[in-house]
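In case you want the letters, here they are:
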Amino acid sequence: MTSPEIKIIPRNTYLLVWGVLMFLLLLNFGLAEIRLGPFNLVVSLAVAFIQTLLMLLYLMHARYDSGLTRLFVIVGFVWLLIMFDLVLSDYLTRGGVPSTLRDSWKHGAWPAATNNFPAGFSTNGR
Amino acid sequence: MADAHPTLAEQFDDLPQQRNAALLGMWTFLATEVLFFGGLFLSYTIYRHAYYEAFEEAGRHVKILYGSINTALLLTSSLTMSLAIHSAQVGQQRLLVRFLRLTIFLGICFLVVKGMEYKSDIDEHFVPGARFEHGLPAQAQIFWFLYWIMTGVHSLHLLVGIGLLVVITWMARKGRFSEHYNNPVVISGLYWHFVDVIWVWLYALFYLVNRN
Chain A
1 MTSPEIKIIP
11 RNTYLLVWGV
21 LMFLLLLNFG
31 LAEIRLGPFN
41 LVVSLAVAFI
51 QTLLMLLYLM
61 HARYDSGLTR
71 LFVIVGFVWL
81 LIMFDLVLSD
91 YLTRGGVPST
101 LRDSWKHGAW
111 PAATNNFPAG
121 FSTNGR
Chain B
1 MADAHPTLAE
11 QFDDLPQQRN
21 AALLGMWTFL
31 ATEVLFFGGL
41 FLSYTIYRHA
51 YYEAFEEAGR
61 HVKILYGSIN
71 TALLLTSSLT
81 MSLAIHSAQV
91 GQQRLLVRFL
101 RLTIFLGICF
111 LVVKGMEYKS
121 DIDEHFVPGA
131 RFEHGLPAQA
141 QIFWFLYWIM
151 TGVHSLHLLV
161 GIGLLVVITW
171 MARKGRFSEH
181 YNNPVVISGL
191 YWHFVDVIWV
201 WLYALFYLVN
211 RN
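So the sequences go chain by chain: A and B.
Just so we're aligned: 84 in the numbering used here is position 84 of the first sequence, and the numbers increase by one with no gaps anywhere.
Just so we're aligned: 17 in the numbering used here is position 17 of the second sequence, and the numbers increase by one with no gaps anywhere.
Source of the hints: derived by calculation from the structure; they are not laboratory data.
Certain hints may be false.
Stated by the list, open to error - Straight-line Cα separation of at most 25 Å, SDA-like style, residue types lysine to any residue; simulated pairs:
| no. | chain 1 | residue 1 | chain 2 | residue 2 |
| --- | --- | --- | --- | --- |
| 1 | B | 114 | A | 23 |
| 2 | B | 174 | B | 105 |
| 3 | B | 63 | B | 131 |
| 4 | A | 7 | B | 63 |
| 5 | A | 7 | B | 131 |
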């Protein structure tokens, strides 16, 4: 197995990235004072995302790492996305799902409920 | 290998391979840290979605000046950490020690500012519990609960980072690192930057998004 040589990132790159990070901090601070309605959240998180990307790629030199290391970097965040996706797909859709099996016919997803359940069977939420 | 470098452990073929193994190990650890903090960020997301108005009102009482100063301190400490790594890679021993000390100093400054902020938060009764009386919606306490847990755990991570860098500085003063071998400096730097990344998101979610 051959290993690539270690890339030394020049000092000026670090200084430049730091300058951009500080600028983004000021930008984020300033934009938070302006009323943008729902876009305040979008803007703040977008700036935080760009800052994160800069830190990962340059300060944490992910850009210059081997393919395997980069895969591990990406996978860490993919797992995070899976966790958010699974949990939010529950929480964000709760209003759209019938709360009990007995009401479910109103949504058309189930046949109309009858009372002919076996003894001991209770519909959820009753 | 007869011509093996003295800092090369015997299980590795060459120094770059040894270094890549160290990086891979650290990123594996950081992936678990992403999920550790991710659970807390997920709680924040769910509760902010459920109690949007309460979060908005509660968020107006977070002290943005402290948070902004601390963000600047941490971003700058990440710069000095990177410059320390650069110094190690080009074999400048004295500069390495100096930048490491500067990084530790900035980390301590962060904790001092955070302590001052905590003090004023406590004085103004922003600790969830019986004395939390602000005329805010009851769910505002969830916001403040998450604030204390998430910034608290982050500060603990920073404290660990400072301890790590104290050891690295001590090793650097003993001349353990050179342009050929500096993996512990690079690895500690990854941890330090990661703690910085977490703070950037804490700053956005607790200090910025609820201001309007």
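Practice prompt. With a cut-off of 25 Å on the C-alpha distance, tell me whether residue 174(B) and residue 105(B) pass.
Written response: Holds, at roughly 20 Å.
Practice prompt. Quickly compare the C-alpha distance for residue 7(A) and residue 131(B) to 25 Å and report which way the hint goes.
Written response: violated (55 Å)
Discussion item. Need the status of pair residue 114(B), residue 23(A): alpha-carbon distance at most 25 Å?
Written reply: Status holds; Cα separation ~22 Å.
Discussion item. Holds or violated: residue 63(B) and residue 131(B), Cα atoms, limit 25 Å.
Written reply: holds (19 Å)
Discussion item. Run the distance test for residue 7(A) versus residue 63(B): straight-line Cα separation, threshold 25 Å.
Written reply: Violated, at about 41 Å.
Of the hints listed earlier, those the structure fails to meet are numbers 4 and 5, in rising order.
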